[in-house]
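There are 2 protein chains.
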Amino acid sequence: MNRASLIKHIFEKKSYLCIGLDPDLNLLPGSLGKSPKDLLEFNKRIIDCTKDYCVSYKPNLAFYESLGSSGWKILEETLAYIPSSHFVIADAKRGDIGNTSGKYASAIFDYHKADAVTVAPYMGSDSIIPFYEYPDKWVVILGLTSNPGSKDFQFLTLESGEKLYQKVISEAKNWGNEANTMFVVGATHPNELAEIRKIIPNHFILIPGVGAQGGDLKEISAFGLTKEAGLLVNVGRSIIYASKGNDFEEAAAKEAEKIHDEMKTYLSMYTFS
Amino acid sequence: MNRASLIKHIFEKKSYLCIGLDPDLNLLPGSLGKSPKDLLEFNKRIIDCTKDYCVSYKPNLAFYESLGSSGWKILEETLAYIPSSHFVIADAKRGDIGNTSGKYASAIFDYHKADAVTVAPYMGSDSIIPFYEYPDKWVVILGLTSNPGSKDFQFLTLESGEKLYQKVISEAKNWGNEANTMFVVGATHPNELAEIRKIIPNHFILIPGVGAQGGDLKEISAFGLTKEAGLLVNVGRSIIYASKGNDFEEAAAKEAEKIHDEMKTYLSMYTFS
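Protein chains in written order, with my numbering: chain C, 420 to 692; chain E, 420 to 692.
Honestly, the hints are just simulated from the structure, not real lab data. Computed from a prediction, not measured in an experiment: that's the story for all the values here. No residue lacks a Cβ here, since even glycine has one placed at the ideal position from N, Cα and C. One or more hints might be untrue.
[To be verified] Estimated spans, in silico, between C-beta atoms of each pair:
1) 517/C x 449/E: 50 to 58 Å
2) 453/E x 423/C: 45 to 53 Å
3) 463/C x 631/E: 39 to 47 Å
[What the hints assert, rightly or not] Now the stretches of chain C that chain E is said to cover, found in silico as 3 or more residues with beta-carbon under 8 Å:
4) 444-455
5) 462-472
6) 574-580
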């Protein structure tokens with residue numbers, strides 16, 4: 420999906436919500452069982468009950484990999500089930516030497532046909548460049564992550580005075596362009612988000628960490644939204660596990676709708692300046 | 420496999436060779452076809468003809484992922500085929516928030532039953548800690564990688580005067596211990612390897628980049644070997660694709676044997692001081 424279509428979807432739907440499809444066999448709600456088939460059923464029902472409120476889905480590959488080859492089959496069937504109107508981010512955090520990254524890119528884009536993939540920057544430009552060889556596909560580079568461990572290295576100060584995450588973002592923005600590159604910035608770092616917007620005023624930013632991880636949607640919307648939206652905010656567990664009972668679809672829909680309602684407000688407040 | 424067993428294997432066999440099982444459908448030699456089944460056959464024949472010369476195999480998951488769920492089946496069957504005497508490294512370069520890294524750890528250790536997994540450090544300690552919850556399993560952390568892009572961030576100088584890769588290694592060595600942690604240091608950085616040995620005098624180091632990437636085995640052995648060996652040197656393409664013809668097994672065996680012969684010499688030269 421290209422940038423113009425993504426922006427159009429966001430403004431038509433008045434939503435920049437991405438839903439994390441990270442299903443865990445041990446947490447399937449209601450009367451669902453504990454087999455891989457139940458997990459697929461769960462995904463389909465979550466998609467059905469939330470698709471009107473979001474513009475994107477983000478399956479994290481770890482949850483499928485942990486089930487072996489049958490998990491990969493479920494990932495394939497889940498991806499096939501997502502409506503083509505929705506932007507699909509394969510959350511994989513891949514990155515390897517160029518030759519090998521090319522294989523990961525092929526897995527995500529040729530095989531799974533996702534719109535975007537998350538990648539880790541530690542190995543540098545040639546580990547990411549192979550992902551750029553697919554037209555209208557997106558590379559989502561880890562900038563400043565939402566987890567406590569982001570403090571270990573990402574906040575290190577370089578001799579230039581920059582923080583490592585600032586350097587990563589300002590270098591990596593040159594690997595692609597605004598039409599094929601996004602950055603991950605965790606909702607748990609709102610002040611840094613405001614300042615990252617100065618480095619990348621127009622790039623899309625994918626924001627995890629709202630909900631279970633504690634990020635504040637209003638704050639990150641105020642700091643992150645641009646006149647072309649420029650944000651996708653991922654919410655996972657607090658939607659898909661909104662209820663442990665048989666009413667999980669109703670509860671997930673209600674939670675997604677609540678966020679959607681907030682987003683409508685923020686889009687009109689913060690995107691017209 | 421625990422540290423004592425790994426060291427014992429290395430000295431009994433006089434080899435610290437790890438072979439990269441990174442098969443590419445487009446490069447299968449001889450009369451092999453281009454189906455996933457042929458790829459499994461290739462792996463089995465490579466294992467058969469090289470197992471006497473190496474102590475470890477390292478499948479890179481990208482090559483299997485690019486074939487979708489059928490690729491994962493081949494990975495499973497390949498792993499099942501590797502003799503239990505050999506140390507298996509799942510080269511995955513994973514890393515995510517703690518909850519999610521736990522799923523990756525389960526994929527690699529519960530499901531695939533590998534001995535070790537490679538991980539990327541950018542997201543910090545809590546992205547790696549879940550991999551440590553498996554006794555006798557190993558976490559192999561990217562320190563200084565072999566690819567040109569290693570210069571983009573890993574060599575950045577911090578305000579403390581350290582390089583980023585030095586900081587990563589000196590921090591991350593505290594996440595685990597010498598019995599469950601290795602670091603990746605590319606063969607293309609021999610001088611840095613010598614200096615990294617001062618930060619981690621006893622840890623095992625996994626060295627890619629010999630062969631196709633141009634690293635020199637003698638040099639990295641001189642700088643990296645310790646009295647308990649402390650090295651696994653990975654060679655991939657120059658062994659598995661030693662010949663494009665039907666003699667590929669003979670050629671792979673010959674190449675592995677040549678490296679094994681060199682390693683015998685270096686083990687006696689550099690491990691008794």
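We went through each hint and held it up to the structure:
{"no.": "1", "hint": "517/C x 449/E: 50 to 58 Å", "verdict": "violated, 27 Å"}
{"no.": "2", "hint": "453/E x 423/C: 45 to 53 Å", "verdict": "violated, 38 Å"}
{"no.": "3", "hint": "463/C x 631/E: 39 to 47 Å", "verdict": "holds, 44 Å"}
{"no.": "4", "hint": "444-455", "verdict": "violated (count 0)"}
{"no.": "5", "hint": "462-472", "verdict": "violated (count 0)"}
{"no.": "6", "hint": "574-580", "verdict": "holds (count 5)"}
Violation of the numbered hints given earlier is confined to hints 1, 2, 4, 5; the remaining hints are satisfied by the structure.
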